[in-house]
Amino acid sequence: MIKYVAHRLVMMTGILFGVLVITFAVSHVLPSSPVEMMLGAKPTQEQIDAARVELGLDRPLYEQFFRYIANAATGDFGVSLRTNQPVASDMLERLGATFELVTLGMILAVLIGTPLGVLSAVRQDTAADHGTRTIAIAGVALPPFFTGMLLQLLFYGTLGWLPLQGRIDSEILLDYSFETVTGLYLIDTLLAGQWQAFVSALLHIALPVLTLAVFSLAVVTRISRNMMVEVLSEDYIRTARAYGLPRRAIHYRYALRATLIPLLTVIGLTYGYMLGSSVIVEFVFDWPGLGGYIVGAIISNDFPAVMGVTLFFATTYLLVNLIVDLLYFAVDPRLRMA
Amino acid sequence: MSSIDALAGEHPARPGRVAFALHLVRGNPLMVFGLAVLTAVVLGALLAPWIAPYDPTEINFGDKLVPPRADHLFGTDSLGRDIFSRVIYGARTSLTVGLAVVGLALLIGIPIGLVAGYVGGRVDAFLMRVTDVFLAFPALLLPIAITAALGPGLMNAMLALAISWFPWYSRILRGAVLQVREELYIDAARAMGVRHIWIMIRHALPNSLTPVIVQASMDFGYTILAAASLSFIGIGARPPTVEWGLMVATSRSSFLEFWWTAAFPGLAIFVTVLAVNVLGDGIRDILDPKYRSRR
Numbered sequence: 001m002i003k004y005v006a007h008r009l010v011m012m013t014g015i016l017f018g019v020l021v022i023t024f025a026v027s028h029v030l031p032s033s034p035v036e037m038m039l040g041a042k043p044t045q046e047q048i049d050a051a052r053v054e055l056g057l058d059r060p061l062y063e064q065f066f067r068y069i070a071n072a073a074t075g076d077f078g079v080s081l082r083t084n085q086p087v088a089s090d091m092l093e094r095l096g097a098t099f100e101l102v103t104l105g106m107i108l109a110v111l112i113g114t115p116l117g118v119l120s121a122v123r124q125d126t127a128a129d130h131g132t133r134t135i136a137i138a139g140v141a142l143p144p145f146f147t148g149m150l151l152q153l154l155f156y157g158t159l160g161w162l163p164l165q166g167r168i169d170s171e172i173l174l175d176y177s178f179e180t181v182t183g184l185y186l187i188d189t190l191l192a193g194q195w196q197a198f199v200s201a202l203l204h205i206a207l208p209v210l211t212l213a214v215f216s217l218a219v220v221t222r223i224s225r226n227m228m229v230e231v232l233s234e235d236y237i238r239t240a241r242a243y244g245l246p247r248r249a250i251h252y253r254y255a256l257r258a259t260l261i262p263l264l265t266v267i268g269l270t271y272g273y274m275l276g277s278s279v280i281v282e283f284v285f286d287w288p289g290l291g292g293y294i295v296g297a298i299i300s301n302d303f304p305a306v307m308g309v310t311l312f313f314a315t316t317y318l319l320v321n322l323i324v325d326l327l328y329f330a331v332d333p334r335l336r337m338a
Numbered sequence: 339m340s341s342i343d344a345l346a347g348e349h350p351a352r353p354g355r356v357a358f359a360l361h362l363v364r365g366n367p368l369m370v371f372g373l374a375v376l377t378a379v380v381l382g383a384l385l386a387p388w389i390a391p392y393d394p395t396e397i398n399f400g401d402k403l404v405p406p407r408a409d410h411l412f413g414t415d416s417l418g419r420d421i422f423s424r425v426i427y428g429a430r431t432s433l434t435v436g437l438a439v440v441g442l443a444l445l446i447g448i449p450i451g452l453v454a455g456y457v458g459g460r461v462d463a464f465l466m467r468v469t470d471v472f473l474a475f476p477a478l479l480l481p482i483a484i485t486a487a488l489g490p491g492l493m494n495a496m497l498a499l500a501i502s503w504f505p506w507y508s509r510i511l512r513g514a515v516l517q518v519r520e521e522l523y524i525d526a527a528r529a530m531g532v533r534h535i536w537i538m539i540r541h542a543l544p545n546s547l548t549p550v551i552v553q554a555s556m557d558f559g560y561t562i563l564a565a566a567s568l569s570f571i572g573i574g575a576r577p578p579t580v581e582w583g584l585m586v587a588t589s590r591s592s593f594l595e596f597w598w599t600a601a602f603p604g605l606a607i608f609v610t611v612l613a614v615n616v617l618g619d620g621i622r623d624i625l626d627p628k629y630r631s632r633r
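Sequences listed follow chains A and B, in order. Everything in the first sequence is counted per my numbering, starting at 1 for the first residue and increasing by one. Everything in the second sequence is counted per my numbering, starting at 339 for the first residue and increasing by one.
What the hints contain is simulated information worked out from the structure, not anything from laboratory work. Each residue gets a CB set at the ideal place from its N, CA and C atoms; glycine is no exception. Treat each hint with caution, since some may be false.
Computed from the model, here is a short list of chain A residues facing chain B with C-beta under 10 Å [as the list claims (entries may be wrong)]:
hint, residue
1, LEU16
2, PHE146
3, GLN194
4, ILE261
5, THR265
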């Protein structure tokens with residue numbers, strides 16, 4: 001097992017290196033030059049030269065690349081051209097918001113998707129099955145930005161139950177201030193004992209989480225259904241049935257357990273989609289996380305910020321998949337022996 | 339003609355296969371729905387100038403934000419443009435984008451997968467690590483970064499999507515080629531002295547293309563959706579191009595009061611992608627019998 005983990009870590013380092021090559025290529029070699037973006041229209045030649053030296057662009061490419069890697073390894077992604085702050089600290093400020101959103105979205109998707117998929121498989125070819133499958137097919141066809149706007153229209157525009165956008169009411173933030181400990185408002189407000197602030201944060205996060213969950217929910221449902229159908233046709237399930245074990249026990253004690261590993265894989269993959277759609281969802285709901293940050297950065301040609309977030313998301317995604325792979329050992333004892 | 343041709347003519351395999359496929363389509367109401375919708379969308383795109391009642395870019399402040407009614411089926415937007423006409427013209431953009439992105443991704447992905455699977459060894463290991471790197475980016479992130487670097491615009495967005503998408507095809511094709519490589523007819527071709535490049539193109543590729551085609555037909559919808567997302571955040575299509583994602587984006591300032599400005603272009607994306615996905619699912623069922631029994 002240790003050997004396997006070591007192997008995986010080496011592989012991951014290699015892939016990370018490749019990711020750095022791509023982000024470097026994208027930001028340093030492609031046409032639009034960061035110098036132009038820094039100086040705006042019609043700079044003098046001296047200004048251009050000075051900027052090139054300042055950015056290290058006068059150096060040979062390989063030297064720039066090594067410096068880029070060394071900086072990235074120490075968490076230095078450069079200074080944002082928009083906020084004039086180090087990209088790393090910009091990102092740190094916004095990390096909590098994105099983490100809160102994506103994690104809740106994932107939990108919601110798994111909590112609803114898995115039982116739905118199981119139900120659909122157990123009641124194969126009934127109305128419940130057809131309904132669930134229709135939801136699963138429709139869910140992946142809904143563009144997240146449209147889902148978000150529909151929810152805004154319904155819950156804010158028509159019903160007036162939930163706020164339109166943002167993370168918390170600014171008035172509530174003034175009246176019931178709380179300390180940022182974890183960066184997750186739902187936890188921080190509870191730690192501070194600010195009930196009103198907690199409710200406000202909860203109301204604000206509801207729609208973005210729902211929007212984010214819809215797509216993954218569809219994927220999780222579909223896969224867990226397929227897995228369950230496959231497991232239910234296994235010999236040991238038939239044996240269990242022959243022994244006259246209660247259906248519930250067969251489904252939940254034996255069959256569901258066997259679907260755990262594929263489900264873990266799905267969660268790992270879906271996490272990537274979630275990080276990607278979080279960019280769109282944060283934009284729709286004006287959510288102050290990394291996704292909103294990267295969109296703002298693109299619009300103002302803020303390269304270091306774009307590459308910083310891209311790099312961070314790629315690393316997170318790789319780490320999540322590593323963790324998923326390691327969880328296999330926890331779920332499947334046979335792997336531990338090998 | 340020779341007797342061989344005559345024999346081939348009598349052989350029932352081909353018509354049988356088509357008939358079987360049709361039988362499967364008919365037995366799957368979802369696929370009928372998908373086919374009907376997609377036909378409508380394609381027709382709309384092709385015949386846009388004749389079907390659309392208005393010029394999609396014509397601004398008319400006198401008629402702005404008109405709710406859906408007889409002369410404007412889907413209403414008008416904040417510049418008084420007819421949304422029905424814009425939705426029809428938008429089909430052109432989205433279908434083109436879907437075809438171009440999947441086509442370009444196949445064009446990049448297929449040679450890489452073919453070489454990796456057929457040559458094997460270190461070449462394979464290297465090429466697969468390269469695809470690993472591209473797949474390490476969460477969905478949409480790499481297209482966003484590349485489009486940001488190339489500069490916003492529909493062409494760049496399409497290029498960026500294709501660059502981020504080709505590794506899937508490389509990997510799928512490689513897997514299929516790995517199996518085909520062990521087949522007897524490949525050995526036979528080699529024994530006859532056929533050159534490797536010819537074996538790859540003539541024998542290995544056609545016999546391992548099915549899963550790639552299946553995946554490509556499933557991805558078509560996702561590509562349309564991704565391109566619309568890029569347009570939505572302002573780095574894809576730009577005016578005067580008529581594109582559904584962009585239409586939804588420009589409706590953001592008005593949709594809470596004037597729901598139709600967002601609803602119809604959004605629904606257009608949803609229905610089209612849904613139809614394409616359902617159809618892709620069906621194509622997989624027909625081409626890949628393994629899935630048929632599972633459903």
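For each hint, the structure was consulted:
no.: 1; hint: LEU16; verdict: 8 Å, holds
no.: 2; hint: PHE146; verdict: 4 Å, holds
no.: 3; hint: GLN194; verdict: 30 Å, violated
no.: 4; hint: ILE261; verdict: 18 Å, violated
no.: 5; hint: THR265; verdict: 14 Å, violated
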